[in-house]
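Full structure from sequences and hints, please.
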Amino acid sequence: MRFVKETVGVLWRHGRSNALGTGREQTLVRDHLRRMRRPLTVTSSASGTAQPATAAATAEVPKPAPKPGYVRLKVDGKEVDVPRASTVIQACQVAGVNVPHFCYHERLSVAGNCRMCLVEVEKMPKLAISCALPVMDGMSVITDSPRVKKSREAVLEFLLKSHPLDCPICDQGGECQLQELSMVFGSDRGRYYEYKRTVDDKYWGPLIKTVMTRCIHCTRCVRFAEEVAGVADIGTAGRGEMTEITMYLPEKFYESEISGNVIDLCPVGALTRKEFKP
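Sequence positions in the sequence shown follow our numbering and run 25 to 302.
Note that these hints are calculated values from the structure, not bench results. If a hint is listed, it holds; no wrong ones were tucked in.
Calculated cross-link-like contacts (lysine-lysine; reagent style DSSO-like; alpha-carbon spacing at most 27 Å):
1) Lys102 <-> Lys174
2) Lys173 <-> Lys150
3) Lys226 <-> Lys276
4) Lys226 <-> Lys301
5) Lys174 <-> Lys220
6) Lys91 <-> Lys102
7) Lys147 <-> Lys102
8) Lys173 <-> Lys220
9) Lys226 <-> Lys185
10) Lys185 <-> Lys174
11) Lys98 <-> Lys150
12) Lys173 <-> Lys185
The structure is reproduced here in structure tokens:
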């Protein structure tokens with residue numbers, strides 16, 4: 025093709041009467057034009073012969089239907105198939121989309137406390153929490169719209185309103201989910217001038233040190249104690265801003281062999297290990 029163009033251009037520049045030249049130049053141009061006019065062909069798998077392509081043959085092959093018990097939905101424009109009993113946040117994980125959250129844990133029941141996992145669903149008037157919203161066939165989920173980002177910023181602002189600014193001395197510093205998300209959705213200053221809420225520390229046994237002022241009330245520890253450890257002695261007391269995570273019978277809780285796992289479940293520095301304290 026390049027040779028043909030260069031040849032034709034040279035012939036025109038030299039002002040020859042026959043712009044396409046003679047002999048070999050004409051043969052090259054004629055063969056090239058013949059190939060350009062030739063219809064697209066496809067090879068038949070049955071006969072192995074080339075046949076002219078049709079609109080049906082060149083059309084995109086539709087994806088097969090989802091397996092029985094699965095539904096198909098879109099997450100930020102990407103189609104995924106998930107089990108029918110899944111939630112939207114699980115579908116987002118399958119699609120490779122990270123939805124920020126605090127209270128959600130795949131091995132615990134759904135609480136929907138933090139409201140950080142809000143997403144936008146087409147044809148729904150309000151934002152929905154993805155950890156508690158079941159998937160539906162044909163659903164279209166948007167996780168990064170301006171409306172979603174604004175709601176996450178507002179939720180994080182309320183969480184940081186009463187959270188102490190002690191990240192440099194916090195044992196969870198550098199591994200704190202609240203600290204990480206505040207770098208993404210947080211602001212460099214607050215709009216509240218009230219005094220921060222303070223809560224007395226609790227005694228949770230010889231292994232767990234509590235700094236309850238850092239607690240964001242995700243209730244992961246409450247659900248773990250009841251559903252996994254089998255010791256329903258942790259719960260919430262109070263309402264609104266006065267809510268606290270408290271324990272009814274501390275002796276019964278730390279008798280459980282797996283009670284110390286609440287340290288790893290805590291997304292902030294409210295529950296840490298006593299072994300590393302002086």
